[in-house]
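Colleague: As a plain string of letters, each chain reads:
2 protein chains.
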Amino acid sequence: MRKEGHHYGLHRVVEPAGVLPQPAWKLDATPEIWENELLIDVERLNIDSASFQQLKTEAEGDPERIKRRIVEIVKERGKMHNPVTGSGGMLIGTVAEVGSAFPDHTLAPGAKIASLVSLTLTPLWLEDVRELSLETGQLKVTGKAVLFASAPYAVLPSDMPEPVALAALDVCGAPAQTARLVQPTDTVVIMGAGGKSGLLSLYQAWKKAGQQGCVIALEANPEACRRIEAMGLAHHVVCLDATDPLQVLETVSTLTRGRLADVTINCVNVPRSELPAILATQEGGVVVFFSMAVQFTTAALGAEGVGKDVQMMIGNGYVPGHAALALESLRECPALYDWFCQRFSSQIG
Amino acid sequence: MRKEGHHYGLHRVVEPAGVLPQPAWKLDATPEIWENELLIDVERLNIDSASFQQLKTEAEGDPERIKRRIVEIVKERGKMHNPVTGSGGMLIGTVAEVGSAFPDHTLAPGAKIASLVSLTLTPLWLEDVRELSLETGQLKVTGKAVLFASAPYAVLPSDMPEPVALAALDVCGAPAQTARLVQPTDTVVIMGAGGKSGLLSLYQAWKKAGQQGCVIALEANPEACRRIEAMGLAHHVVCLDATDPLQVLETVSTLTRGRLADVTINCVNVPRSELPAILATQEGGVVVFFSMAVQFTTAALGAEGVGKDVQMMIGNGYVPGHAALALESLRECPALYDWFCQRFSSQIG
Chain A
1 MRKEGHHYGL HRVVEPAGVL PQPAWKLDAT PEIWENELLI DVERLNIDSA SFQQLKTEAE
61 GDPERIKRRI VEIVKERGKM HNPVTGSGGM LIGTVAEVGS AFPDHTLAPG AKIASLVSLT
121 LTPLWLEDVR ELSLETGQLK VTGKAVLFAS APYAVLPSDM PEPVALAALD VCGAPAQTAR
181 LVQPTDTVVI MGAGGKSGLL SLYQAWKKAG QQGCVIALEA NPEACRRIEA MGLAHHVVCL
241 DATDPLQVLE TVSTLTRGRL ADVTINCVNV PRSELPAILA TQEGGVVVFF SMAVQFTTAA
301 LGAEGVGKDV QMMIGNGYVP GHAALALESL RECPALYDWF CQRFSSQIG
Chain B
350 MRKEGHHYGL HRVVEPAGVL PQPAWKLDAT PEIWENELLI DVERLNIDSA SFQQLKTEAE
410 GDPERIKRRI VEIVKERGKM HNPVTGSGGM LIGTVAEVGS AFPDHTLAPG AKIASLVSLT
470 LTPLWLEDVR ELSLETGQLK VTGKAVLFAS APYAVLPSDM PEPVALAALD VCGAPAQTAR
530 LVQPTDTVVI MGAGGKSGLL SLYQAWKKAG QQGCVIALEA NPEACRRIEA MGLAHHVVCL
590 DATDPLQVLE TVSTLTRGRL ADVTINCVNV PRSELPAILA TQEGGVVVFF SMAVQFTTAA
650 LGAEGVGKDV QMMIGNGYVP GHAALALESL RECPALYDWF CQRFSSQIG
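For the protein sequence lines, the chains are A and B, in the order given. Take 1 as the starting number for the first sequence in our numbering and just add one per residue. Take 350 as the starting number for the second sequence in our numbering and just add one per residue.
Just chain A, same shape as in the assembly:
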C-alpha cells in the first residue's frame, strides 16, 4: 500500500496540476489504494440527471451508445465526469480494502456502501458495463473506485432495495437543505417537483411549512403531476413548463395573491430555469438551485436585471445528516417510498 495521500485527493490529480480532483480534467484511477483511501468493488452507478439527459440526447436514446460513451469518458478522465454538463452522479459497491490510515476504522471489507460524493471527483476504473436503465440513469457495472479520506459515504440500509436507497442518497442534499430553510407558515415553490430530488424536497417542505403554510409543486409532466396530487404533499400542483418565466410568475403570483414564495427550491434538470425561479420568489426571499443545469451568470445577472433582491444559493450536495434524513423520509412517507420502489427497484435487477 502506498504511503498516506492527500486528505482531499490531490495525489490522484493527473492534469492540470495543482487543482483539486473535482475541477481536474483527469484523475489517476489506478485501483491500488494509498494508506488513507478506501477501495470499493463498484456494483452500480447512478448517473446525475442533467448528465444522463445530455448523454441520452447525444446518443439519440440508444442504450448501447450511452454505455460506450460512459466507458469512453471514464477511460479518458479516470472518473465519470460528463464534459458537457460538468456533473457526475454517485455509486454503490462493496468495500474491498480499507487503508490503514482511512479515518473510519469501523468500516470493514464486505460492507455495502454508497458514495455521497460526486462521481466527478471519484477515481473510477471500469471493467465492464452491463445493464443500463434508460428510465433511471442507473447502470450495473464491474469495476473499482477510490474514496479519499475527506469523502462522505453511507452504509446502505438493510430495510429497502439498493436501487431505491441509491436513488434517494444521490440527491439527499436537496431535501436536507429544504428542511433547514423552510419555516412554519412559509410559502414554498418546488420547481421540477416530480423528479426524485423534487419529491424528497417537496416532502420536507410540506412537513416543515405545515398546514398554515403553502406548498406549490410545479412540474412539466402531466403524469407526474397526477402522482404528486395523489400523494397529497402539496397545497397546489400545477402542470407547466418551468423554463417559461412568465407562466411561472403568473401562476405563483395568482396562487399566492401576489405575495410570491418565501423559499423556492429549483430541481429542474434542463437549462433556463434560473429566471423563472427568481421571478417566483418575493423580495428578501431565498432561491436554492439544485439543478446541475444552472448557469451562474444567468442567475446572477438575471436577478440584477429584474431588480430583485433575492438570496440565491448554490445547492450544496453536503449537509450534515443528509443521508439519514433522505432515507428517513422514505420510511416516514409510504406514498413516497412506493414511488421510489416503482420507479427504481424494478428497473434493473
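Source of the hints: derived by calculation from the structure; they are not laboratory data. By construction, the Cβ of each residue, glycine as well, lies at the ideal position given by its N, Cα and C atoms. Among the hints, erroneous ones may be present.
To be verified - Keeping only pairs whose Cα atoms sit at most 30 Å apart, straight-line, the calculated DSS-like set for lysine-lysine is:
(1) 405(B) x 416(B)
(2) 140(A) x 26(A)
(3) 26(A) x 405(B)
(4) 375(B) x 56(A)
(5) 352(B) x 416(B)
(6) 424(B) x 405(B)
What the hints assert, rightly or not - Sample of chain B residues facing chain A (criterion: CB under 8 Å; computed from the structure):
(7) 357
(8) 360
(9) 368
(10) 436
(11) 522
(12) 544
(13) 624
(14) 644
(15) 663
(16) 666
(17) 669
(18) 673
Based on these hints, arrange chain B on the given structure of chain A.
Modeller: Frame of chain A, contents of chain B only:
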C-alpha cells in the same frame, strides 16, 4: 412612441422566443422607445472585468481588435453580452427621452445616469466606438441604449469624476451584500481584494467586522497588495494566487489558527477560485461568489466533494441602496477615493 412594452422587456427579445432579455441570444436594439422605456444617449461603457479579460486575451491585447470585437458582438446580439463569459458590464449616458409610462416621472431629458443593470440585457445600438482604456475596460462611445421599466439606474453624483462613479457603481452589489452579511467580530476573507469590487467589499468588511474582527485580504498582484496595506483596510494582506486551493487553505488556516472564515467574499476575475473559497470558510460559514468567472457545478460539487457544510451564495448585482452605499464608501474613505481616481479618472478623458 410605441404602446406600453413588457415590464421585464420581453417585447425586445428577438431569439429565442419566450425567454427574458438576459438569457436571450439577441435583442431588438432599435433606438425608438416604447411607452414604458427610457432612451439613453450612451457616452461610456464599462465592460465587466471577466469579459474584458477574455476580450483582451482573445485580441492579444490589441485595443483596435478589442474595439472591433465589441462592435461585432453588439451588432450581432443587440447588446454587449460576451458570448464566452456570459457577462456584460454597465453604461453611463444622458437621458434622451422618457417614455410616457416610464415608472420614474421625476427623470428628465439631459440627466446624466448610470444603468445599474447588466449590459447583457440592455438593448444597445452603437454608432461609434472611440477611446478604449486597456487598464480599466472603459470605452467612450456614441450610441443609444434602452432601459426597461424594471431596470434600476442611478443619477450620477456631481461631486466626483464620472469614470470614478461608473467604476464604483459597476460593482456596487458586492460591497452592499458584504455590508449586509458581515457581523461585528467576524473573520472575513476577501479574495481578489485589489480590484474595484474587492476594495469596496474590503472597506465594508473592515467597517462592519470592526477591530475585534479579522479581515484578511488575498490578492495576487504584489503592487496591489502594497496599496491595500497602505490603505489600512485589513488586519492581514497576503500576496498569493487565489486559484491555488492549498495555498489559500494554509494561509487562512494559519492566520485564523485553524478557525477559518465566517464569511468569504470571492471577487477573483479568473476561473478556478471556487474551491479555494470553500476551503477558506469554516463549517456553517458563508461564501459569496461575485466573480462572473465562477462555474455553478464546480462550486456545488466542490463543496460536496470536500464534505463541507458552507452556504454558497450567488452574488446578486441588485441590493436595495447599493448605488448610494458604494458612492458613500468613496466619500467616507479618502484612500479608497484616491485609488479610484488614480485608477479610473486619468485613463480616458
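Colleague: Against chain A, is residue 436(B) within 8 Å by beta-carbon distance?
Modeller: 6 Å, holds
Colleague: For the hint on residue 544(B), does the least C-beta distance to chain A fall short of 8 Å?
Modeller: 17 Å, violated
Colleague: Answer holds if the nearest beta-carbon of chain A is closer than 8 Å to that of residue 673(B); otherwise answer violated.
Modeller: Where the cut-off is 8 Å and the nearest Cβ of chain A is about 15 Å from residue 673(B), the hint is violated.
Colleague: Can you confirm whether the C-alpha distance between residue 375(B) and residue 56(A) stays at or below 30 Å?
Modeller: 29 Å, holds
Colleague: Holds or violated: is the Cβ of residue 624(B) closer than 8 Å to a Cβ in chain A?
Modeller: 5 Å, holds
Colleague: Keeping to a limit of 30 Å between CA atoms, is the pair of residue 352(B) and residue 416(B) held or broken?
Modeller: 35 Å, violated
Colleague: Closer than 8 Å between Cβ atoms is the bar; does residue 368(B) clear it against chain A? Give me holds or violated.
Modeller: Hint on residue 368(B): holds, closest Cβ of chain A at ~6 Å, below 8 Å.
Colleague: Report holds or violated for the interface hint on residue 360(B), using the least CB-CB distance to chain A and a cut-off of 8 Å.
Modeller: 12 Å, violated
Colleague: Compare the distance between the alpha carbons of residue 26(A) and residue 405(B) with 30 Å, and conclude whether the hinted pair is satisfied.
Modeller: 29 Å, holds
Colleague: Does residue 26(A) lie within 30 Å of residue 140(A) when you go C-alpha to C-alpha?
Modeller: 23 Å, holds
Colleague: Does residue 669(B) hold up as a contact with chain A if the rule is Cβ-Cβ below 8 Å?
Modeller: This hint holds: residue 669(B) lies near chain A, its Cβ roughly 6 Å from the closest one there, short of 8 Å.
Colleague: Is the hint on residue 663(B) kept, meaning its closest Cβ partner in chain A is under 8 Å away?
Modeller: For residue 663(B), the interface hint holds, since the closest Cβ of chain A sits about 4 Å away, which is under 8 Å.
In summary, the structure is inconsistent with hints 5, 8, 12 and 18 from the numbered list given earlier, while agreeing with the others.
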